Structure formats: structure tokens, C-alpha cells
Amino acid sequence: MADTDEAAIHLPSHDSAAHIDTDLSDETQDFRMLSNLSFLADTSQATLPKRGEKDFEPNPTLYQADILDASRQAMHNALAHPRLHNPKNQIIGIYAPDGPAPPRSLATPKTLDTIAENDTPAHTADAEESQPKKPAGTGTNLHPDSCVYVMNPKGQFFKNMGRADRWGRIWLLPEEALYMLERGSLDVRWPRSATGCEDDGETEDSGIPMSLQAAYACFIGHGGLTVDRFSVYSGLRRLGYTLIRAPGWYDDAEEDFEQPESTKRQGPGLAGIYGRFMDWLHSSNTTAIGPVAGLGIHRSYNDIYRKLSIIPFHDPTAPVSQAPQTKPPFRVVFYVYKPSTPFRKSAPPAPDFRVAVVNARTQTTVPTLAQLGTLLESTPLDPPKGEKMERMLYMRLRHGYRNVVLAVVDQGVVSYLRVADAAFGNEKLYNRPAPSGNKRGANHRNPRPKPKPKGR
Amino acid sequence: MTQSNPMPSPASEAAAAAVKSESTNKNAPQGRPGRFSRPNYREIHRFPLPLSVHPLPPLIPHNPLSIVSVLLSYLTYLIAPPHHEVYSAYFDSETSSVHVTDAKAIRALWEMGFFGKGSLSRSEPSWLEREKKRRGLLGGVTSEEVTRQRRTERRELKLERARMEKLAIEQRLMAEAAAREAGDTSIDQSALPLTADGVTSGILPATEKFSLRKAREAKLSESQRSVAQMEGAYTPDAPDISPSNGSKTVRFSPVVQAKEFVSESTVVCAPNSAVDEHGMEDKPSLNNEEHLQLSNEEAFFLVYGLGALQIVDGKRNAVLSPPSLLSRFCQHSHCPPRDRSANLEPDDPFMISYIVYHHFRSLGWVVRSGVKFGVDYLLYNRGPVFSHAEFAVVVIPSFEHPYWSETEERKAHCTRRQARSWWWLHCVNRVQAQVKKSLVVCYVEVPPPMFGETNVSSEDIGALLARYTVREMLIRRWVPNRTRD
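Residue numbers (full-length UniProt numbering), protein chains in the order written: chain P, 1 to 456; chain E, 1 to 485.
Mixed in with the good hints there might be a few duds.
Stated by the list, open to error - Pairwise CB distance ranges, derived in the manner of DEER restraints: (1) E:84 to P:391: 16 to 24 Å; (2) E:466 to P:295: 37 to 45 Å; (3) E:120 to P:234: 43 to 51 Å; (4) P:427 to E:62: 33 to 41 Å.
Unchecked claim - Once the Cα atoms are required to be at most 27 Å apart in a straight line, the calculated DSS-like pairs of lysine-lysine come out as: (5) E:436 to E:411; (6) E:133 to P:388; (7) P:159 to P:345; (8) E:436 to P:385; (9) P:428 to E:436.
It is worth saying that the hints were derived from the structure and are not from the lab. Given the structure is predicted, the values throughout are model-derived calculations rather than measurements. By construction, the Cβ of each residue, glycine as well, lies at the ideal position given by its N, Cα and C atoms.
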């Protein structure tokens with residue numbers, strides 16, 4: 001970055017057209033604002049830095065060169081700023097490659113002949129060998145993919161991360177451990193069993209810290225964690241979201257499919273019967289060679305539109321007949337909660353977003369209807385609600401009946417797409433009264449006083 | 001991104017300035033004399049379809065007179081049935097398109113439902129009007145002229161901005177050179193309000209940035225003083241900018257400038273030339289050279305759906321029946337057109353696009369081609385003169401029926417037909433976000449072919465269409481930064 005800037009600064013620009021179309025977010029940032037960051041100087045005043053003005057093209061002035069220099073210096077300062085970790089707040093996790101296991105001090109008596117006198121630890125130990133277990137004492141279930149445990153859980157991270165076992169240790173999933181390790185909040189240690197010094201000791205802690213490279217090597221690929229999933233996880237986590245694994249994480253997992261019991265199959269009713277009668281009355285068989293609208297006298301445009309609607313469309317409100325068989329990668333792997341959503345580890349609420357992670361290099365094409373349809377059907381019905389939605393047609397259509405977020409990871413770059421089942425067919429535009437304005441009257445979006453820059 | 005960003009990029013600034021220029025126009029009518037008043041579109045386009053409706057008088061049960069009036073209206077229709085207008089068009093097989101040349105039909109199809117496009121216009125067939133105005137026969141401004149004028153102004157302002165920036169840079173270079181001669185760095189510091197961290201205040205000299213808005217305001221006030229003077233002052237300025245070694249070389253390229261002056265000169269010279277041409281314009285030689293071009297989907301909808309149009313084969317002068325028209329359009333949806341004898345396939349491009357067209361039309365949307373925005377269709381509420389299109393539709397066929405995965409050949413065919421790359425989707429999505437439209441991906445479920453019956457003309461078109469299913473998915477970029485609350 002610095003090199004290209006340096007090269008460009010003293011040269012007249014060759015092609016200014018190349019600069020026109022670049023996205024602002026893709027440009028080199030003006031880092032001078034970093035020297036305003038309050039945490040560098042003192043932590044008392046917390047203000048967000050303001051971005052300075054930016055030049056788009058290099059010119060031969062010293063002034064611009066100085067600005068660039070200052071910006072670079074500010075960036076350097078920010079990066080060079082020492083980040084200190086207080087040893088009192090240090091969180092140490094111990095890698096457990098074999099998944100959750102009882103502590104050494106308890107596991108050893110199990111192998112001895114103490115089973116008869118006290119069978120509770122043995123029970124749990126046995127249970128922990130197999131799949132998701134429920135330690136009788138605590139009532140929480142540990143995730144079988146957890147591979148790091150923390151003896152001294154401190155700090156705000158454990159509010160929505162990790163699961164505690166009955167011995168007070170917090171077990172972290174690989175993505176949780178890797179995320180905390182990456183941001184410097186966790187120190188992972190190799191276990192004694194892995195280092196070879198298999199001497200007796202109270203704990204598994206060998207005292208040898210795990211490097212970031214080793215952590216990536218150990219955790220990526222552990223329990224279905226891929227780089228794509230981890231980049232989605234860490235990206236959203238850094239923005240403040242809370243993420244948990246969805247049932248669709250495992251390729252072979254059956255997703256819990258709650259049959260919406262609230263969908264009542266109501267009879268046609270009097271109005272419905274009347275409507276059917278009228279439909280039958282109107283459906284003179286003119287669709288064979290047309291005109292569909294009929295040859296006779298038309299009484300109203302709505303009648304014409306009603307006759308014209310001969311194309312079947314998908315109705316998302318109809319109950320899904322059988323459990324959808326989603327196939328990876330088009331299945332929900334993360335439940336995402338907004339930072340403002342109250343989240344309890346023990347009883348996670350309904351997620352704000354459901355995210356499916358797609359690798360754009362292995363799945364090179366946009367999903368087909370079958371893939372997208374089953375993915376959407378695996379999410380619960382979320383019809384547009386509220387007074388605003390009632391009023392605004394466009395908003396209602398944009399919200400859709402079901403929705404899911406696709407995270408398309410293309411070699412580390414994540415693009416999120418929100419897919420919603422729109423059901424235009426349920427919204428008869430012709431039934432809406434014509435708005436009063438001459439122009440822009442039909443604009444149901446938030447008031448947009450200015451006309452759009454581009455054509456219509 | 002550009003919306004949330006406090007720093008305008010050149011493009012967004014230009015757009016903002018354009019918006020601004022429109023809004024300032026309303027406040028300052030002296031900037032553009034004779035701003036044309038908008039026609040009463042509600043009156044012109046009060047019929048959503050080119051069909052006439054005759055509502056029955058209301059039937060009030062306790063008022064026997066209302067029954068009489070209802071009966072009377074029935075009787076009138078029985079005796080003198082209202083005339084059902086059927087317009088006519090012809091199919092041109094060389095260009096695979098449908099043309100309407102009758103002026104009355106053109107007006108009717110455009111005004112009632114916004115069908116077709118003028119072959120010499122942007123959308124509404126307005127060539128004749130424009131031509132008349134150009135020759136000075138008619139007052140007022142067409143929408144094309146307004147657009148052209150706006151574009152010229154915008155380009156002028158951009159040139160002006162570039163000039164100002166260039167000026168600022170030159171001034172600074174001179175100041176720096178002077179400072180260097182003085183050989184004292186302290187002067188340099190004082191002359192340039194820049195220290196290593198002093199810049200962080202974000203306040204830069206006012207000369208450094210030049211906003212289009214300011215330029216516009218300046219220009220307005222200047223034009224109030226004297227238009228001619230300004231133009232005189234502007235023209236000699238231009239040449240001394242272009243050869244300099246500056247960064248804006250492209251904007252000062254001679255081509256742009258030539259265009260600039262061509263468009264300006266036409267605007268300026270229009271009255272004069274009109275006077276010259278008046279002499280020969282006395283003979284009414286101005287024929288309408290424009291016709292209305294219907295897309296094949298529109299034409300088929302008008303014929304089969306509404307019965308408001310009949311299409312004549314351009315060669316044989318025979319009216320095409322809906323089934324033969326359907327097979328004709330299907331053949332012409334391939335390039336080159338398929339043979340007459342070719343069978344109708346269920347995944348024919350015309351069938352798929354017509355399904356979507358008919359579906360949205362039957363819901364009351366005004367459907368128009370979205371080729372300018374890289375999509376298949378645009379959906380307008382009531383019509384393009386009333387509001388911008390909110391939805392942009394791309395059509396993707398879908399082959400879920402087991403028939404399509406029976407053989408490897410069919411599988412490959414279907415994969416080829418429905419495959420779209422992620423990059424394509426991102427491109428389309430970005431373009432729609434830029435023009436503030438919502439992207440709708442409309443999947444059309446293609447049925448297996450009908451066995452036994454190969455001849456489409458004996459078939460029921462309605463039953464054929466009813467075998468397809470459409471499903472709309474709304475796709476939008478999800479920006480996690482914005483949904484955090």
C-alpha cells in the first residue's frame with residue numbers, strides 16, 4: 001500500500017478515469033484520524049474519530065505528500081502502540097483434543113476401584129465419552145465439540161460464550177477459543193498428554209502456550225469448523241453480534257423442524273364460497289386461445305385482472321408438507337443475535353438472523369430454486385407484522401414471509417445476502433386505491449423527497 | 001456505503017449535485033426560464049389497460065328505481081353493444097419484433113398500460129413532438145430535452161470543479177516554490193496550514209475542495225448578472241486548462257470539450273436555425289418516422305391476455321391466431337430463429353419470460369423491460385410516469401421435476417440453463433442498490449414436456465401456462481453494520 005502510494009505521489013496520474021468508479025470503502029483510508037483515538041492518549045474522553053477529507057488523485061504538491069506522510073505516521077503509531085495484558089486478567093485455557101472430559105483429579109479415581117462406592121463421577125465420565133451429555137448435577141449440556149476449557153472464567157466474553165461443566169470449568173468451542181485467542185483475550189496451553197511430559201500433576205496444564213498457527217491447525221477442521229465458517233463467525237462477533245451453532249451445523253444432522261401448529265386450516269367460509277362461485281361464473285373457458293380477459297363487456301378492471309391471473313404461484317403461507325431436506329452448504333449453520341437482544345446462554349431466544357455459509361469457490365453457482373426453497377422452508381414463518389408493514393406494500397414485499405441470510409465467502413471475503421420469500425402473488429396491486437399524488441404518490445417507502453439520480 | 005459515508009465520492013457528489021440542481025430549480029425559476037409544467041398524467045393514464053370497462057349502476061335493494069337503471073343499462077348494452085377496440089400491429093420476422101404504426105393505436109397502447117417503446121425515443125414515442133419543437137413549430141420541452149440540458153449542466157459543473165481544483169493545486173505549488181526560495185521551513189509551516197498532526201483537525205483550506213453545489217450557486221448568481229458575459233469568460237478559459245500536466249487530463253480531453261460545445265451550440269443556435277428553417281417547413285413534410293415497438297411478451301399479452309391487439313404477419317398479411325403466434329414467438333426466442341417445424345419446448349426462453357410477464361401484469365404491475373439496469377423486467381406501480389420502479393426482476397428457470405434429472409444429458413442441459421455465478425448476482429445486486437431498486441429473483445418452475453401431443457396449435461394455451469409455477473425471492477445485501485441496532 002505504502003509503496004504504491006509513494007510511487008504514485010510524485011507522478012502525474014496516468015488514468016484518472018480509473019479512479020472514478022472505485023468504491024469509497026475500497027480506497028486507502030485516511031489514517032490520520034487514528035492519532036485522535038482517545039485510548040492511545042488517555043481513556044477518559046471517549047469520542048469517535050472523525051475522518052478527514054480525502055484526495056482522490058495524487059498531485060505534485062508537497063502539501064499532499066505531507067498529509068500522506070502524516071497519515072502513514074498515524075497508522076504506524078496506532079499499530080506500534082503497545083497493548084498490555086494485565087497478568088491478573090489473563091485467561092488461560094487448556095486444549096483438550098479429545099473433547100470434554102472430567103478433570104484429571106476425578107478421572108484418575110474412576111479408573112481405580114472407586115466406582116462401587118461413588119458412582120456419580122463414573123456416570124458422568126461414561127456419559128461424556130459418548131455424545132451430548134447432561135451432567136446430572138448442573139443440568140447444562142456440554143457441546144461434544146468443545147476442545148478448550150478455562151479454569152478461571154473472567155470477563156464479559158463468558159456471558160455468551162462457552163458452557164460450564166459441573167466442576168466449574170468453562171468449555172469453549174473451537175471457534176470461540178480461536179476467536180478469543182486471535183483477539184488476545186485467551187492464552188491456550190497445550191495439555192500434558194500432548195507434550196509428552198506425562199508425569200503426575202494436579203492439572204493438565206503443561207505450561208506450554210499454543211501459538212496462533214498451532215491453534216489454527218488444531219481448531220480449524222475440528223468438529224465441522226471450516227475457515228469460511230470461522231471468518232463469518234469472527235466477523236460478526238467482532239461487530240458485536242452473538243452467534244451460536246444452529247442444528248444444521250453438522251452435515252448429517254436432522255434439523256429440528258417444528259410443525260407450525262398455529263396454521264389453522266379454516267374452511268372457505270361464506271365469503272370464500274361466494275368467491276368461488278363468482279370465480280366459476282367468471283371462468284368462461286377463454287384461456288384456451290384467448291383472450292383471457294374475455295370477449296364480453298368488462299365491468300371493472302379488477303374483474304379483468306382476476307381473470308388474467310392464470311399463472312400459479314408459490315404461496316409461502318401454505319404449511320410445509322414434510323420436513324425439508326436441506327443439503328449443505330444451503331443450510332442454516334449459525335443463529336445470530338443482535339447485540340441489543342437479551343441473550344442467555346442457558347436458554348437462547350429465537351435468533352434474529354439465520355445464516356447459511358456458502359463457499360463461492362466450491363459452490364460456484366447461485367442456488368437453484370430447490371436449494372433455496374428448502375433452505376427457506378427450514379426457517380420458521382416470519383410474516384410481515386406491525387402497523388407499518390400493513391400500510392406499506394413495498395416494505396411488506398421486501399420483508400417477505402421467510403428469510404435467511406446467505407454468507408457467501410469468496411476466498412475470505414464475505415458478502416451477506418438476505419433472501420426473503422416475497423410472495424408477490426398474495427399482494428394484488430390492483431386492489432389498492434390509486435394514490436392521490438400526481439408524481440411519487442405511489443411511493444410507500446420512507447418519504448424520499450429527492451428524485452433519484454439515475455433513470456427510472 | 002456512499003450513503004452513510006460523510007465523505008462524498010465524486011460520483012455521489014455529482015449525483016447529489018444533480019439532485020440539488022433539480023430541487024434548486026423549483027426554488028429559483030429564474031435559473032431555467034420556462035420550466036415546463038407536467039402534464040396531467042392522472043388524466044392521461046387513467047385506464048390501466050387498453051380495454052374499456054362499463055360498470056353497472058349500483059344496485060340498491062330498497063330502491064326499486066336502481067333495479068330499473070341496472071336493467072336499463074343491460075338493455076342498452078344488448079341493443080347497442082359498446083365497440084370493442086382491437087388495434088393492429090405487424091410482426092417483422094427479420095427483426096423478430098412487433099411494430100405498431102397506427103398513430104391512434106400507438107397513443108392508446110402507451111397511455112393505457114404503458115405498452116411498448118418508441119423506436120426513436122427513450123420510452124414514450126415522442127419523436128414527432130421533439131422534431132416539431134426542434135423546428136420551432138411547438139413550444140415547451142420534452143423530457144429528453146430536459147435530460148439533455150441537465151446532463152450538459154452537470155458536465156459543465158464538473159469541468160468547473162476540476163478547474164477550481166487545478167487552480168488550487170497550482171496556487172499551492174507556487175506557494176511551496178516561494179517557500180522553498182525563502183529557504184525557511186517556518187514560513188512553509190505558516191503558509192501551509194499543515195503540521196504532522198495539525199491536519200487531524202480535519203479542517204482544510206477552503207480552496208482545496210470545490211463542491212458542485214457551491215459551483216452551481218456561484219454560476220446561478222453569475223448568470224443573473226449576465227449570461228453572455230459568462231459564456232465569453234468561460235470559453236477562453238478552457239484552452240489553457242487542457243494542455244497542463246494535471247490530474248484531470250481525461251476530463252479535459254478535446255473530445256469532451258468538442259461535445260460540450262456542440263451541445264451548447266445547438267442549444268444556443270436553436271432559435272436562429274429555427275428561423276432559417278421556417279421557410280421550408282411551410283410545406284407539411286414532417287411525417288412521423290417513428291413506430292411503437294412491442295416486445296414479444298407485451299404483444300402476446302395484448303393478443304392472448306387482453307384481446308386488444310391483432311398481429312399481422314408482415315409478409316403474408318394474415319392475422320396470426322394466438323397459438324400460431326405463440327409458436328412463432330417461441331421460435332424467434334432463439335437466435336437464429338428455429339425452424340417452423342421445431343417442437344415447442346417447455347423451457348423455451350419465450351415461455352419462461354412470458355410466464356413472468358403475465359404473472360406480474362395480472363397482479364396489476366406495469367411490467368417493462370429492465371435491460372437498462374441489467375435485469376429482465378422492472379415493475380412499476382401504475383406506470384413509469386408516476387413513480388420510479390421499485391422492483392427489478394431477474395428470471396431464472398428451475399427444473400425440479402424428476403423428468404429433468406432422468407438422463408445425464410437432461411441434467412447437463414438444466415444445469416446450463418439455471419447456472420448463474422455469484423459474481424453475476426453480486427453485480428446485478430450492486431447495480432440495483434445503486435439505483436435504489438429491490439432485486440427480485442423470479443424462479444420459474446418448468447414442467448416436463450407434454451407427451452403425446454406435440455402440436456401446440458391444437459393445445460390449450462391456458463392449460464399450458466398453468467403448468468408453470470413462479471416463486472419470487474427478494475435478495476438484498478445484508479450489511480451487518482446497519483442491522484445491529
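Results of checking the hints against the structure:
1. A beta carbon spacing of about 38 Å between residue 84 of chain E and residue 391 of chain P contradicts the range 16 to 24 Å that was offered as a hint.
2. Range check, residue 466 of chain E to residue 295 of chain P: Cβ separation about 20 Å, and the 37 to 45 Å hint is violated.
3. For the pair residue 120 of chain E and residue 234 of chain P, the beta carbons lie near 56 Å from each other, so the given range of 43 to 51 Å is not met.
4. In this structure the hint that residue 427 of chain P and residue 62 of chain E lie 33 to 41 Å apart at CB holds, the actual value being about 36 Å.
5. Of the supplied pair hints, the one linking residue 436 of chain E and residue 411 of chain E is violated, its CA atoms being roughly 37 Å apart against a limit of 27 Å.
6. Distance restraint check for residue 133 of chain E and residue 388 of chain P: the Cα-Cα separation of roughly 46 Å exceeds the 27 Å cut-off, and the hinted pair is therefore not satisfied.
7. Taken as a hint, the residue 159 of chain P and residue 345 of chain P pair is honoured in the structure, with Cα atoms around 7 Å apart against an allowance of 27 Å.
8. Taking the CA atoms of residue 436 of chain E and residue 385 of chain P, the gap is near 24 Å; set against the 27 Å cutoff, the hint holds.
9. With a C-alpha separation of about 23 Å, the suggested pairing of residue 428 of chain P with residue 436 of chain E holds against the 27 Å cut-off.
The earlier numbered hints that this structure contradicts are 1, 2, 3, 5 and 6.
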